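**Q** One-letter residues, chain by chain:
Protein chains: 2
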Amino acid sequence: MHAVEMAEEYPVVDQDSDALDAARLLAERRLPGLVVTDAAGCPRSILPASEVVQFLVPGYVRDDPSLAGVLDESMADRVAGKLSGKTVRSLLPDKPAELARVQADDTMVEVAAIMARLRCPLVAVMEEKKLLGVISASRLLELALAHH
Amino acid sequence: MHAVEMAEEYPVVDQDSDALDAARLLAERRLPGLVVTDAAGCPRSILPASEVVQFLVPGYVRDDPSLAGVLDESMADRVAGKLSGKTVRSLLPDKPAELARVQADDTMVEVAAIMARLRCPLVAVMEEKKLLGVISASRLLELALAHH
Chain A
1 MHAVEMAEEY
11 PVVDQDSDAL
21 DAARLLAERR
31 LPGLVVTDAA
41 GCPRSILPAS
51 EVVQFLVPGY
61 VRDDPSLAGV
71 LDESMADRVA
81 GKLSGKTVRS
91 LLPDKPAELA
101 RVQADDTMVE
111 VAAIMARLRC
121 PLVAVMEEKK
131 LLGVISASRL
141 LELALAHH
Chain B
1 MHAVEMAEEY
11 PVVDQDSDAL
21 DAARLLAERR
31 LPGLVVTDAA
41 GCPRSILPAS
51 EVVQFLVPGY
61 VRDDPSLAGV
71 LDESMADRVA
81 GKLSGKTVRS
91 LLPDKPAELA
101 RVQADDTMVE
111 VAAIMARLRC
121 PLVAVMEEKK
131 LLGVISASRL
141 LELALAHH
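Sequence order for the protein chains is A and B. Going by my numbering, the first residue of the first sequence is number 1, and it counts up by one from there. Going by my numbering, the first residue of the second sequence is number 1, and it counts up by one from there.
Derived by calculation from the structure, the hints in this document are not laboratory data. Misleading hints may appear alongside valid ones.
Put simply, identical chains are the same to the list, so a pair is met inside one copy or across any two.
Said to hold, decoys possible - Here are the simulated lysine to any residue pairs, SDA-like style, with alpha carbons at most 25 Å apart:
hint: 1; residue 1: Lys82; residue 2: Lys130
hint: 2; residue 1: Lys129; residue 2: Ser66
hint: 3; residue 1: Lys130; residue 2: Ala146
hint: 4; residue 1: Lys129; residue 2: Glu142
hint: 5; residue 1: Lys130; residue 2: Ala80
hint: 6; residue 1: Lys95; residue 2: Ser66
hint: 7; residue 1: Lys95; residue 2: Ala76
hint: 8; residue 1: Lys82; residue 2: Leu67
hint: 9; residue 1: Lys82; residue 2: Thr107
hint: 10; residue 1: Lys130; residue 2: Gly85
hint: 11; residue 1: Lys82; residue 2: Asp18
hint: 12; residue 1: Lys129; residue 2: Arg117
hint: 13; residue 1: Lys129; residue 2: Ser84
hint: 14; residue 1: Lys86; residue 2: Leu132
hint: 15; residue 1: Lys95; residue 2: Thr107
hint: 16; residue 1: Lys130; residue 2: Gly69
hint: 17; residue 1: Lys130; residue 2: Arg62
hint: 18; residue 1: Lys86; residue 2: Glu128
hint: 19; residue 1: Lys82; residue 2: Gln103
hint: 20; residue 1: Lys129; residue 2: Gln54
hint: 21; residue 1: Lys82; residue 2: Glu142
hint: 22; residue 1: Lys86; residue 2: Leu143
hint: 23; residue 1: Lys129; residue 2: Arg62
hint: 24; residue 1: Lys95; residue 2: Leu143
hint: 25; residue 1: Lys95; residue 2: Pro32
hint: 26; residue 1: Lys86; residue 2: Gly59
Keep in mind it's a predicted model, so treat the numbers as computed, not measured.
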C-alpha cells in the first residue's frame with residue numbers, strides 16, 4: 001500500500017490566516033491539531049490545540065497561578081478578543097512540531113519510519129508541491145493491523 | 001463551569017495490560033493517544049499513537065533507512081508478533097508525557113492553566129483517587145468559545 005491510498009482529508013490552515021477561525025475549527029471539529037502551511041501552500045508544521053489553550057488563561061493567572069480558582073464568566077469574549085487580529089503563525093510554539101512530508105508512492109514502512117523518527121502524529125502526503133492528504137498515527141495503525 | 005461538567009469518557013488502559021490490545025484500541029477508535037494508569041488505577045501518562053508506530057518499522061529499516069522502500073506485505077502479522085506478550089508500559093517513551101490531573105470542582109481557568117503549563121493535550125478529572133473522565137484541549141476550546 002502506498003501513501004496516496006492511506007491519505008485522508010484533513011483541515012489545513014495558512015500561517016497568515018485568522019487565529020480565531022483556527023481556534024474555532026479546532027473546537028468545532030474536536031481536533032488535536034491543525035496542519036499549517038507556509039505562504040507557498042506547503043505544509044510545514046502543526047498547531048496543537050494544547051497550544052491555543054494558553055489563550056484561555058487570563059494574564060492575572062499567568063502572573064499568580066493561585067488566582068486560577070477565581071470564576072471567570074466572560075471566557076468566550078475574552079478569548080475571542082485575545083485571538084482576533086492575530087494570525088495562526090503567532091499562535092505557533094517557538095519550535096513548532098515538524099510536520100513530516102512523504103511522497104504519494106512512499107510505502108507504509110517509509111511512512112512509519114519517518115513518523116517514528118520524528119515522533120510526529122501526522123504526515124502530509126505530497127505529489128510534487130501539492131498536498132494530497134494527511135496520514136495520522138492512528139490511521140497508520142488501523143491500516144497496519146487491518147488484516148489481523 | 002467546573003471540571004466535572006467538562007469531563008468526557010475516554011479510553012484508559014492499565015500500564016500492565018496487553019500492548020497489542022492497546023494498539024488495536026488506538027487503531028479502531030482512531031485516537032491520538034490513550035490514558036495510561038498505574039497499578040493503583042491512577043492515570044499517570046499518555047501513550048501516543050505515534051509512539052506505537054515505531055513497531056511498524058522493521059529492524060532492517062531501523063538499521064538501514066534506505067531499505068524502507070522495500071514493500072513489506074506481512075505488516076499485520078509482523079506488528080502483531082512484535083507487540084504480543086508486551087505490556088503497555090513497555091511501549092511508553094522513556095519520558096512519557098505527563099498527564100495533568102485536576103479535581104472535579106476546578107474551574108475552566110484552572111484546567112486551562114495546567115494544560116497550558118504542561119503543553120498537555122489531555123487532563124484527567126479526579127474525585128479523590130477516582131477518575132471521572134478526561135478533558136481534551138479541543139474540548140476545552142469548544143467550551144471556551146461556545147457562547148461567542
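**Q** Compare the structure with each hint and give your call.
**A** How the hints compare with the structure:
1. Lys82 x Lys130: neither (33 Å within a copy, 35 Å between copies)
2. Lys129 x Ser66: Classified as between: cross-chain Cα gap 23 Å, same-chain 49 Å, threshold 25 Å.
3. Lys130 x Ala146: Result: close neither inside a copy nor across copies, 28 Å intra and 34 Å inter.
4. Lys129 x Glu142: neither (27 Å within a copy, 33 Å between copies)
5. Lys130 x Ala80: neither (33 Å within a copy, 34 Å between copies)
6. Lys95 x Ser66: Result: close neither inside a copy nor across copies, 29 Å intra and 28 Å inter.
7. Lys95 x Ala76: Neither. Shortest intra-copy (28 Å) and inter-copy (35 Å) distances fail the 25 Å Cα cut-off.
8. Lys82 x Leu67: within (19 Å within a copy, 49 Å between copies)
9. Lys82 x Thr107: Cα proximity of lysine 82 and threonine 107: across copies only (20 Å, versus 43 Å in one copy).
10. Lys130 x Gly85: The answer is neither: 29 Å in one copy and 42 Å across copies each exceed 25 Å.
11. Lys82 x Asp18: within (12 Å within a copy, 45 Å between copies)
12. Lys129 x Arg117: within (23 Å within a copy, 36 Å between copies)
13. Lys129 x Ser84: So lysine 129 and serine 84 fail the 25 Å test inside a copy (31 Å) and across (40 Å) alike.
14. Lys86 x Leu132: Result: close neither inside a copy nor across copies, 28 Å intra and 36 Å inter.
15. Lys95 x Thr107: neither (29 Å within a copy, 30 Å between copies)
16. Lys130 x Gly69: between (47 Å within a copy, 21 Å between copies)
17. Lys130 x Arg62: Answer is neither; intra-copy 41 Å and inter-copy 29 Å both fail.
18. Lys86 x Glu128: Neither. Shortest intra-copy (31 Å) and inter-copy (40 Å) distances fail the 25 Å Cα cut-off.
19. Lys82 x Gln103: Answer is neither; intra-copy 38 Å and inter-copy 27 Å both fail.
20. Lys129 x Gln54: Cα proximity of lysine 129 and glutamine 54: none, with 33 Å in one copy and 27 Å across.
21. Lys82 x Glu142: Result: close only across copies, 16 Å inter versus 39 Å intra.
22. Lys86 x Leu143: Classified as between: cross-chain Cα gap 21 Å, same-chain 38 Å, threshold 25 Å.
23. Lys129 x Arg62: Intra 41 Å, inter 28 Å, cutoff 25 Å: neither.
24. Lys95 x Leu143: neither (31 Å within a copy, 27 Å between copies)
25. Lys95 x Pro32: both (18 Å within a copy, 21 Å between copies)
26. Lys86 x Gly59: The answer is within: 17 Å in one copy meets 25 Å, while 46 Å across copies does not.
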